[in-house]
Amino acid sequence: MAFTWFNKLASPPHAYRIAGRLLPWFAWPSGLLIAIGLYGGLVLAPPDYQQGDAFRIVYVHAPSAWLSMLVYGTMAVAAAIGLVWRIKIAHAVAAAAAPVGASFAFLALATGSIWGKPMWGTWWVWDARLTSELLLLFLYAGVMALRASIDDRDRADRASGLLAIVGVVNLPIIHYSVYWWNTLHQGSTLTKLGKPSMTGDMLWPLLAMLLAFTLYFGAVLLLRLRGEILLRERDASWLRAELAR
Amino acid sequence: MSGFFAMGGYGAFVWPCFALATVVLVWNVAAARRLHATARNRALRRATAGQGRP
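Sequence lines, in order, name chains A and B. With the working numbering, the residue at position 230 of the first sequence is 230, and numbering never jumps. With the working numbering, the residue at position 43 of the second sequence is 43, and numbering never jumps.
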């Protein structure tokens, strides 16, 4: 049946073991791709004709901005699955994702700000893209604070999950902010179906870094998920057998 | 080599970004490992403390 693998995945001992087995398949390729992407981005790619070498900041800025949104989406979908089908593992995924996403929202804002100083002449503007990304960081903080403030784990899962789901409206706002408003932030470099506005030797390191960061998130999420499962299942009998191995 | 580190005069902006990215990447792995280790130790302590019980 189609549901057996789903039920299996939702069972904590199974999820714990699968997460452990999958982890190296995310971690090693991610590390390798980061090394390749950094070499390509810092050494091989030519300086930009307008931005000079400052454009190289994009190799950490764009992947962290991408992750800040991908992680939020993951967290909200997991929370929704947890709320609708009452699957505990889904709430554990949401809990594991939040701090990771917050750290990348921070990194996107910080690197953007450092790039903005020489390029725009200011560290910060209350521009639609920047403001909506800052709101994303606050949403992460809100979800984490709400979870931390409630002692009962089920109630904490439900309350923070609800906030995470409501906050999803911010994701399209961030993405389309550069088109909907007259912003200082440049439009997207990688338009999905059109031609990317970047030459090949600048582009491939960026794609490598985007993939590397995505795999990196997978690895960190799996490791955090294992921790979350152990915290949530501390009295379960399977855990004793698992830890005794 | 010094030209590489100068980054065409933007070194003071480029390198802090890559340093900050390194900090965030290392922190995430360290925090995840710490969470897993803490949870594991706590579970182990409970398992051994409960061994006398039926």
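Please note that the accuracy of each hint is not assured.
Covered stretches of chain B, going by a simulated chain A footprint (3 or more residues, C-beta under 8 Å) [stated by the list, open to error]:
| # | stretch |
| --- | --- |
| 1 | 12-21 |
| 2 | 25-31 |
Below, in silico cross-link-like pairs of lysine to any residue (SDA-like), each with a Cα-Cα straight-line distance of 20 Å or less [stated by the list, open to error]:
| # | chain 1 | residue 1 | chain 2 | residue 2 |
| --- | --- | --- | --- | --- |
| 3 | A | Lys117 | B | Gly11 |
| 4 | A | Lys117 | B | Arg40 |
| 5 | A | Lys117 | B | Ala31 |
| 6 | A | Lys117 | A | Pro99 |
| 7 | A | Lys117 | B | Ala19 |
| 8 | A | Lys117 | B | Phe13 |
| 9 | A | Lys8 | A | Arg155 |
| 10 | A | Lys117 | B | Met7 |
| 11 | A | Lys117 | B | Ala39 |
| 12 | A | Lys88 | B | Leu35 |
| 13 | A | Lys117 | B | Arg34 |
| 14 | A | Lys117 | B | Tyr10 |
| 15 | A | Lys88 | A | Arg155 |
| 16 | A | Lys88 | B | Gly11 |
| 17 | A | Lys117 | B | Ala6 |
| 18 | A | Lys88 | B | Ala6 |
| 19 | A | Lys117 | B | Gly8 |
| 20 | A | Lys117 | A | Gly20 |
Read the hints as simulated data drawn from the structure, not as lab findings. We treat Cβ as the ideally placed atom computed from N, Cα and C, and that holds for glycine.
Outcome of the hint check:
no., hint, verdict
1, 12-21, "holds (count 7)"
2, 25-31, "holds (count 5)"
3, Lys117(A) - Gly11(B), "holds (13 Å)"
4, Lys117(A) - Arg40(B), "violated (45 Å)"
5, Lys117(A) - Ala31(B), "violated (31 Å)"
6, Lys117(A) - Pro99(A), "violated (27 Å)"
7, Lys117(A) - Ala19(B), "holds (17 Å)"
8, Lys117(A) - Phe13(B), "holds (8 Å)"
9, Lys8(A) - Arg155(A), "violated (25 Å)"
10, Lys117(A) - Met7(B), "holds (15 Å)"
11, Lys117(A) - Ala39(B), "violated (42 Å)"
12, Lys88(A) - Leu35(B), "holds (18 Å)"
13, Lys117(A) - Arg34(B), "violated (36 Å)"
14, Lys117(A) - Tyr10(B), "holds (11 Å)"
15, Lys88(A) - Arg155(A), "holds (12 Å)"
16, Lys88(A) - Gly11(B), "violated (47 Å)"
17, Lys117(A) - Ala6(B), "holds (17 Å)"
18, Lys88(A) - Ala6(B), "violated (51 Å)"
19, Lys117(A) - Gly8(B), "holds (16 Å)"
20, Lys117(A) - Gly20(A), "violated (43 Å)"
In this structure, the earlier hints numbered 4, 5, 6, 9, 11, 13, 16, 18 and 20 are contradicted, and the remaining ones agree with it.
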